[in-house]
Amino acid sequence: MSNLKNNSLRSLPLLFILIIFFISLSIFILHVDAYSFQNLFKYFNRPKCGYESCNLGKPGYLNIHLIPHTHDDVGWLKTVDQYYYGANNTIQRAGVQYILDSVIQALVDDSKRRFTYVEMTFFMKWWIGQTLAKRQIVKNLVQSGQLQFALGGWSMADEATVYYSDAIDQLTYGHIILKQLFGECGRPLVAWQIDPFGHSRDHSDLFQDAGFDAVYFQRIDYREKQKRKRLKQLEVLWDTTHIELKKTGYGLFTSIFHDSYCYPKSFCFDDKCLDEPIKDDPNLEGYNVRSRVDDFLNYISIISKAYQTNHIMVLMGCDFTYENANLNYKNMDKLIAYVNQRQQLNNSQVNLLYSTPACYTKAVNDEFNRIGTISRRGGDFFPYASGPHSYWTGYYTSRPALKYYVRQASNLLSMCEQVSTNIIVHLHVDRLSQMNDYQKQIITDELIDALRQTLGVLQHHDAVSGTEKQHVANDYAWRLTKATKFCQLLISQSLIKLLPTLKPFIETNNVIFCDLLNISLCNATEGIKPQLNHLNQGGVFIILYNPLGWIQLNTWIRLPIYIPEDYSIDLQVILKDLRQLPSSSSSSSSSSRSSTSSTLLNNNNLEYQLVPITERTLNIPERHSDKHLANYEIIFNAKSLSPIGFNLFYLALNKTTYYNRDYMNYVYNQPFQKEPSSSSSSSIHSFMNIDQLLSKTIEFNIQYIENVHNPLMITMKHLKSGESINLSIELLYYFGETSYPQSSGAYIFLPKNNTFIQTFPRPTINAIDGPCVKEFHLTYASWASLVVRLYNNGELEVEWTAGPIPDDGHLNSRELVIRYTLNGDNIRLIKRLRNRRDDWNLPFHFNETENVSGNYYPVINRIMLKNIFLYKPNEKHENDEIPLGLAIYTDRAQGGTSLNDGQIELMLHRRLVNDDGFGVSEPLMENGLDYRGLIVRGIHKIRFDELEIIESNDRITAQMISKPVIPLFMQAKHQPKSIEVNGWSGINIALPEHIHLLSLTSWPLNRVSLSDPRIPNQILIRLENLQPVTDELSMKPFNLDLTHLIKGITVIGMKEVTLTGDQLKCESLQNRLKWPTETHFQSNQTYEREQLCHRNNIKSSNVILTIEPGKIVTYILDYEILSEQYHNHVSLN
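For the sequence shown, full-length UniProt numbering begins at 1 and goes up steadily by one.
Everything labelled a hint here was simulated from the structure, so no lab data went into it.
From a predicted model like this one, the values you see are computed outputs, not experimental measurements.
Note that the Cβ used here is the ideal one computed from N, Cα and C, for glycine as well.
Don't take each hint at face value.
If you anchor each label on the Cβ, the simulated ranges turn out as follows [stated by the list, open to error]: (1) Asp626 / Pro388: 50 to 58 Å; (2) Phe846 / Lys272: 36 to 44 Å; (3) Gly129 / Asp901: 58 to 66 Å; (4) Thr373 / Ile128: 41 to 49 Å; (5) Gln758 / Asn707: 15 to 23 Å.
List time: in silico DSSO-like cross-link candidates among lysine-lysine, alpha-carbon distance up to 30 Å [unchecked claim]: (6) Lys179 / Lys485; (7) Lys655 / Lys973; (8) Lys1111 / Lys941; (9) Lys247 / Lys1111; (10) Lys485 / Lys497; (11) Lys246 / Lys232; (12) Lys866 / Lys246; (13) Lys627 / Lys485; (14) Lys1036 / Lys1111; (15) Lys305 / Lys330; (16) Lys272 / Lys469; (17) Lys48 / Lys334; (18) Lys576 / Lys696; (19) Lys655 / Lys503; (20) Lys696 / Lys866; (21) Lys247 / Lys225; (22) Lys717 / Lys639; (23) Lys247 / Lys229; (24) Lys58 / Lys279; (25) Lys134 / Lys48; (26) Lys58 / Lys232; (27) Lys227 / Lys265; (28) Lys627 / Lys482; (29) Lys330 / Lys134; (30) Lys330 / Lys272; (31) Lys485 / Lys941; (32) Lys247 / Lys227; (33) Lys977 / Lys497; (34) Lys941 / Lys639; (35) Lys305 / Lys229; (36) Lys1055 / Lys48; (37) Lys503 / Lys482; (38) Lys134 / Lys112; (39) Lys48 / Lys1065; (40) Lys1074 / Lys1111.
Required output: the full structure, derived from the provided sequences and hints.
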């Protein structure tokens, strides 16, 4: 009996194991819809992914890494959907869904095969349509390392025209989806930027922060590539951190392709090519194994001379290849077999293998560490030239309207993410949320995801760059319009939840966005909407959203309104700030008013100015509609706007009899006096309290000068030295080349041979002089005009309007530029190195072939002249001279240069009659609504001050221009008092001015794809320390307490992650590949990170993070929701 009992006890563990086995088997079969033990065997015996799955070749051999890949543009010659479905093949034969179908099957057929995919836009579209069985097959391929992802962004972003926060967002979105689908095995290890037209140091610095070990691309200046080939330096360690190249320090491994990103010549085995396949039947007359292998080895012999290690990458793929993957792999299988066969037959030292960019990176890393050194490079890879006259600098400006639209939509996405983060808290969607609230959150996420995905597509290097066909540009604009409406709907649904005290004062909950304010259109203020009725009811709420983490002290708002002619003698304008602000600000503001505008301040009105909308604006074709009646703009200064918050104002027009008739005459456009007099100059100090000036060290004065070609002159006086300098502004244009040696086109900028920059006739000038702003309207031609504005706080801005650019009957290409020139006999500047390429770090004598286009550079949002010195003639230059700076901030990406000392030139708009021959096969005409040419308008903000002030405020100013205040509107029942309606802010305290809130969004993204609704809500926050990195030894990190920063919650824990949020930062630092010349030192912060890396989260009563100067940090926060009573009081304290 005891033996039986002992046997029973011994059998229990076996029985338990069997139960666990069958439960696991059942779960597996249900999960993957599997039906064979072969699949089960693969599932439990799959090899490891990432670097551990790599075949690193044979020691002592020249290892040739074949990289099967496809480059799938997210729009270019066809739209995104046309490319995916294989439609419109008369333009280009391409169907991405068939590529992925075919590749997956080919990988299943042979486990030795590898493939690399990049564009998550297409992959996710394909994935959604797959069965559970097919999805599991793909997961197995990813987990085995056969299918790998490189870059992993929603698109392959451009680097010259993409704003850095947009680049981060689209990369994050792609990475998080890969992590949700495939776990750690889906994480891309390298960046794959094979098609953008030049490369940015700052963009690649983001790649380092995202945890990438390398970046790969093909396009660098043809002279640099030729020199690097000869020196065997096509692979370098790129110093992306420092402005000046350092001999040691962290860097990003950068590999530059020997040729293009496509197949080697004569070895394209795709069905889109006509190259000879490998015919390996010796009985055939066309047997060609020997000749094909010889040709391939000859090619390898050539390219191997350009690289330093015994590992060479050969790309096997091109644009939209692998629709027939079997055709590719069948020939590559043969090529590998017959090349490697020669190792035994002929003692060949060439070893051919399937590989991926990640595996190649690991192989060369081992080899470079064995060698012990690697060349280094700094700076950008701009401008990119593919030939002596082919400078790819035109696309910096191409399609300026689309570039602006993308920037607008990006700002809206920031707003939606910030607001939705608080709304999710407000819904009490916590760790074990109710299903009803969870569904609300899903809907919220989907509304935001529509804009995230669309903006991710628009960062593509043939989208925001402006290098697509016109019908594709139209499709991009349509997608943006549709996606922005979803995000605006979210704001409309959320606003009353955050501003419940507003509800009694509004007609409906509808929120109106005015997306066309740049052409003075706004449905919310059109016609009679702002007017009070006979019961003194009505008006419009103006709700200004500040998307930045700082209080914005001065924001000039311009809104179109309609004033009927019969109102001109009896109009009352009611404009109120409804927030509870300190009364001192308003009193000081009113104390400096002249008698002319004193009537504007009755009933606590804000100061404002009415300016007629110009004929130039009224004649824009997109404005032509019977419902567009606006004929004036009302201008006012919205002060001290709360951070991450809504700020409430109220506007109403009322017909009354006591209105000041003189003022109405005063605001009409008046011709500028021809004879110089006291009224022909405007000094900002004459009508503004100095405490409110933007600059305390510079006095601005605009002068009209008779009988000169450029009649407007801005004088800037340095108050400390008493010296002045003049700034002139003018529009000019180039004739673009239309034939030999290279046409100017969507990509290329090339002024016509033997022509100089073209000047306009002397512009006509009109002026408007008022209490808020002085405007000078310069008309150069019917298609080119400027408005120079000097606001009463010393802000200087230029509004440019370009188009329709004439083409003289499809004969001439024109490229419009604006030029800012410092004039004066008492200035000197530190020399700028034009026509040089010192960043190449090569022994090379550079000879510039195109002095204009070869010196154009991408301007994402600002361009600056530094070290301007003023001195008194005939006096010695003192050592304590104060350097000055001039900065121009743009509202979109543009091309810019400084062709002469003291000069800044920016390209505004282009109309080109010929294609440049680089693939678009269509001239960049942008015909616009009336087919005469698109009219585009934009803003430049000008800052001139002491250089220390300019540099300390530079990045803050740039953020304020790139992320401007967003106005919203709601129809009012009647006007409230300030104590009845208040604003709202998403954070409890404004951030220090050098700490920029780059991202604030609910986490995880893409919640709709998560299998478990109980996954806890978290918050992702990105913060940037804008302090410039001047001296590494004196850098002082900044500590920020997050515990009570965000309204409605207490932060109870955090973990630092990479820029893309898909890996712990400490793990990324520990696991990154190390390269020669890198200094492996541990700062205290790095040591602390590694010590805490084993912990899943940092939890403390006070959650404090540290940000080093010049760095971006990303954290995922855990939080607790504050009490219900708190949520019943959501207005700003």
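Hints, one by one, checked against the model:
Checked against the given bound of 50 to 58 Å, the beta carbons of Asp626 and Pro388, roughly 54 Å apart, stay inside it. Checked against the hint of 36 to 44 Å, the C-beta distance between Phe846 and Lys272 comes to roughly 38 Å, which is consistent with it. Range check, Gly129 to Asp901: Cβ separation about 59 Å, and the 58 to 66 Å hint holds. With their beta carbons about 48 Å apart, Thr373 and Ile128 fall inside the hinted range of 41 to 49 Å.
For the pair Gln758 and Asn707, the beta carbons lie near 22 Å from each other, so the given range of 15 to 23 Å is met. Between Lys179 and Lys485 the CA atoms are separated by roughly 29 Å; this keeps the pair inside 30 Å, and the hint holds. Between Lys655 and Lys973 the alpha-carbon distance is near 17 Å, which keeps this suggested pair within the 30 Å criterion. For the suggested pair Lys1111 and Lys941, the alpha carbons sit about 26 Å apart, so the restraint of at most 30 Å is met.
With a CA separation close to 21 Å, the supplied pair Lys247 and Lys1111 stays within the 30 Å bound. About 19 Å separates the Cα atoms of Lys485 and Lys497, which keeps this hinted pair within 30 Å; it holds. For the given pair, Lys246 sits about 21 Å from Lys232 by alpha-carbon distance, which is consistent with the 30 Å threshold. Between Lys866 and Lys246 the alpha-carbon distance is near 23 Å, which keeps this suggested pair within the 30 Å criterion.
Between the alpha carbons of Lys627 and Lys485 the distance comes to roughly 21 Å, so the proposed pair stays at or under 30 Å and holds. Taken as a hint, the Lys1036 and Lys1111 pair is honoured in the structure, with Cα atoms around 12 Å apart against an allowance of 30 Å. Restraint check: the Cα-Cα separation between Lys305 and Lys330 comes to about 29 Å, which is no more than 30 Å; the hinted pair holds. Only pairs whose Cα atoms come within 30 Å are accepted, and Lys272 paired with Lys469 is accepted, the gap being roughly 22 Å.
Between Lys48 and Lys334 the CA atoms are separated by roughly 27 Å; this keeps the pair inside 30 Å, and the hint holds. Distance hint between Lys576 and Lys696 is fulfilled; the C-alpha atoms sit about 28 Å from each other, no more than 30 Å. A distance of roughly 26 Å separates the Cα atoms of Lys655 and Lys503; the hinted pair therefore holds under the 30 Å criterion. Between Lys696 and Lys866 the alpha-carbon distance is near 19 Å, which keeps this suggested pair within the 30 Å criterion.
Distance restraint check for Lys247 and Lys225: the Cα-Cα separation of roughly 21 Å lies within the 30 Å cut-off, and the hinted pair is therefore satisfied. The hinted pair formed by Lys717 and Lys639 meets the criterion: a straight-line CA distance of about 26 Å does not exceed 30 Å. About 21 Å separates the Cα atoms of Lys247 and Lys229, which keeps this hinted pair within 30 Å; it holds. With a C-alpha separation of about 27 Å, the suggested pair Lys58 and Lys279 falls inside the 30 Å cut-off, and the hint holds.
Among the hinted pairs, Lys134 with Lys48 is consistent with the structure: their alpha-carbon atoms are about 20 Å apart, no more than 30 Å. Using a Cα cut-off of 30 Å, the hinted pair Lys58 and Lys232 holds, with the two alpha carbons roughly 22 Å apart. A threshold of 30 Å between alpha carbons decides the hint, and for Lys227 with Lys265 the separation of about 22 Å falls inside it, so the pair holds. Distance hint between Lys627 and Lys482 is fulfilled; the C-alpha atoms sit about 22 Å from each other, no more than 30 Å.
Between Lys330 and Lys134 the CA atoms are separated by roughly 23 Å; this keeps the pair inside 30 Å, and the hint holds. Simply put, Lys330 and Lys272 have alpha-carbon atoms about 15 Å apart, close enough for the 30 Å limit, and the pair holds. For the given pair, Lys485 sits about 29 Å from Lys941 by alpha-carbon distance, which is consistent with the 30 Å threshold. Using a Cα cut-off of 30 Å, the hinted pair Lys247 and Lys227 holds, with the two alpha carbons roughly 20 Å apart.
At most 30 Å may separate the alpha-carbon atoms for a hinted pair to count; Lys977 and Lys497 meet this at roughly 20 Å. At roughly 18 Å between alpha-carbon atoms, Lys941 and Lys639 fall within 30 Å of each other, so this suggested pair holds. At most 30 Å may separate the alpha-carbon atoms for a hinted pair to count; Lys305 and Lys229 meet this at roughly 7 Å. Between Lys1055 and Lys48 the alpha-carbon distance is near 27 Å, which keeps this suggested pair within the 30 Å criterion.
Proposed proximity of Lys503 and Lys482 is supported: the alpha carbons are some 28 Å apart, at most 30 Å. In summary, the hint linking Lys134 to Lys112 is supported, as the alpha carbons are separated by about 20 Å, within the 30 Å threshold. With a C-alpha separation of about 22 Å, the suggested pair Lys48 and Lys1065 falls inside the 30 Å cut-off, and the hint holds. A C-alpha spacing of about 21 Å is found between Lys1074 and Lys1111, which places the hinted pair at or below 30 Å, so the restraint holds.
The structure fails none of the hints (numbered hints given earlier).
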